[in-house]
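When you get a sec, could you build the whole thing from the sequences and use the hints?
Going down the list, the protein sequences come from chains B and R. Everything in the first sequence is counted per this note's numbering, starting at 567 for the first residue and increasing by one. Everything in the second sequence is counted per this note's numbering, starting at 58 for the first residue and increasing by one.
One or more hints might be untrue.
[Stated by the list, open to error] Here are the computed lysine to any residue pairs in the SDA-like style, where the Cα-Cα straight-line distance is at most 25 Å:
| # | chain 1 | residue 1 | chain 2 | residue 2 |
| --- | --- | --- | --- | --- |
| 1 | B | Lys652 | R | Lys238 |
| 2 | B | Lys575 | R | Ser91 |
| 3 | B | Lys587 | R | Asp134 |
| 4 | B | Lys708 | B | Met692 |
| 5 | B | Lys620 | R | Asp134 |
| 6 | R | Lys114 | B | Lys575 |
| 7 | B | Lys620 | R | Arg127 |
| 8 | B | Lys575 | B | Leu795 |
| 9 | R | Lys238 | R | Asp213 |
[Stated by the list, open to error] Partner residues aside, some chain R positions facing chain B, computed with beta carbon under 10 Å:
| # | residue |
| --- | --- |
| 10 | Val115 |
| 11 | Arg171 |
| 12 | Ile214 |
Derived by calculation from the structure, the hints in this document are not laboratory data. The beta carbon of each residue, even a glycine, is placed where N, CA and C say it ideally should be.
If you want the building blocks of each chain, they are given just below.
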Amino acid sequence: MADPLDPIKQFEIHRMGSELKIGNFDVSFTNSAFMMVVAVALISAFMFFGTSKKALVPGRFQSIAEISYEFIADMIRSTAGKDGLKFFPFIFALFMFILFANMLGLIPFFFTTTSHIIVTFALAMMVMTTVLVVGFWKNRLKFLKLFWPSGVPVLLKVLLVTPLEIISFLSRPLSHSVRLWANMLAGHIMLKLFAGFAIMMFAGLAGAAKVGAIAPFAMTVILTPLEILVAFLQAYVFTILTCVYISDALHPGH
Amino acid sequence: MSAFNFIMAAAAAAAETKEHGAEKGSGVFPPLDSSTFSSQLFWLAVTFGLLLFLLSKVFLPRLGGILEHRSNQIADDLDSAARMQREAEHAEKSYEQALSDARAKAHNVAETTRASINAEIEAEMQKADEEATRQMDVAEGKIKALRAKALSNVDDIAADTAKTLVESLFSGKIAAATATKAVKAQG
Chain B
567 MADPLDPIKQ FEIHRMGSEL KIGNFDVSFT NSAFMMVVAV ALISAFMFFG TSKKALVPGR
627 FQSIAEISYE FIADMIRSTA GKDGLKFFPF IFALFMFILF ANMLGLIPFF FTTTSHIIVT
687 FALAMMVMTT VLVVGFWKNR LKFLKLFWPS GVPVLLKVLL VTPLEIISFL SRPLSHSVRL
747 WANMLAGHIM LKLFAGFAIM MFAGLAGAAK VGAIAPFAMT VILTPLEILV AFLQAYVFTI
807 LTCVYISDAL HPGH
Chain R
58 MSAFNFIMAA AAAAAETKEH GAEKGSGVFP PLDSSTFSSQ LFWLAVTFGL LLFLLSKVFL
118 PRLGGILEHR SNQIADDLDS AARMQREAEH AEKSYEQALS DARAKAHNVA ETTRASINAE
178 IEAEMQKADE EATRQMDVAE GKIKALRAKA LSNVDDIAAD TAKTLVESLF SGKIAAATAT
238 KAVKAQG
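In structure tokens:
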């Protein structure tokens, strides 16, 4: 009885179908891969129905699609400037993918792709690679000005500012990925714990004491909208930080 | 009280389960299980790559096109609205011009008509005055003649009267000429 209530079990990855291998690497289709496919399919369906009519006065789907378009475009414009719009498809894809993965994970029995550090780390590394490639390709060695801010005394720069800037730059992929991952992980563990308590108390207690199960159940109900908020917020935070990092790559001089 | 005990028991059971699970599973916390990394990375690359391709090649250009078309349409509409407003203002101005022209013309016509009518009335009046004066003159002449005639008759009547009076008083006869002479001498 206790086994399905294990709060960690929801993060387990199962193979779906037969084992697939490329060289030595296992690339079997799993429940995680399935949820990625579902997320991409839903985003595509949403974008397809949002743009199929091409109406001058938008309908419901088109309205939402337009709002998300403007939302991301405004975010890029305000943080990275107009030239950041070259990265619009990438940033839009990041936001949509993370948002849908987070939201789908909140549906009971659904797997949360973003609750695995390797996925969020891969996304963060995509961002960092983009920043490094674009930064050096666009500014050549001037990109290193990022670590050599103007208007600071040289001694202070050498001793304090530049080492700190370098450390913070190098820790970006880690903080970027762990922030999203930890939020998803903790939220799902918490939800599962309280929901599990409610079930256990209801099943285990006798008579009128069963009423006590209301407390953890109420917590589950309260936590669910909070987790929905977190799911959106983390997608937003991941995206806006991506914009900030890309802004660094485009304008390293601050 | 019993609820609290139960929570503690449940927590302990959960901890036990975790250990139990660790025994039979691969023994690692699933999100840190490196044996699943290759598969997740592969499928992330496939799905995210596909999403990026679809968004950048199909959906976002389409959506951007819709938005641009709308903003163009709005700009066009605003332009033509401004043009129409200018035209309306122009039309209003020419309408007012025409109105004031017509008003001035009407005023002119009224003035001329009034002047000509006044002149006519004056001429008629003058003619009537002249006619009246003429008739008055004629009448006056008539009256004068009548009066003169009447005055000359008075002498005759006086002479007649005097003759008749004398003849009745004195029962005799006098000549008319004598009576006339006497009357004239008295007059």
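Now for the hints, and whether the structure bears them out:
1. Lys652/B <-> Lys238/R: violated (152 Å)
2. Lys575/B <-> Ser91/R: holds (16 Å)
3. Lys587/B <-> Asp134/R: violated (59 Å)
4. Lys708/B <-> Met692/B: The hint holds at about 22 Å.
5. Lys620/B <-> Asp134/R: Distance ~19 Å between Lys620/B and Asp134/R Cα, so the pair holds.
6. Lys114/R <-> Lys575/B: At roughly 39 Å apart (the allowed maximum being 25 Å), Lys575/B and Lys114/R break the hint.
7. Lys620/B <-> Arg127/R: holds (10 Å)
8. Lys575/B <-> Leu795/B: holds (24 Å)
9. Lys238/R <-> Asp213/R: holds (11 Å)
10. Val115: holds (8 Å)
11. Arg171: Hint violated; Arg171/R Cβ to chain B Cβ min 63 Å, cut 10 Å.
12. Ile214: Interface hint status for Ile214/R: violated (122 Å vs cutoff 10 Å).
Checked against the numbered hints above, the structure violates hints 1, 3, 6, 11 and 12; every other hint is satisfied.
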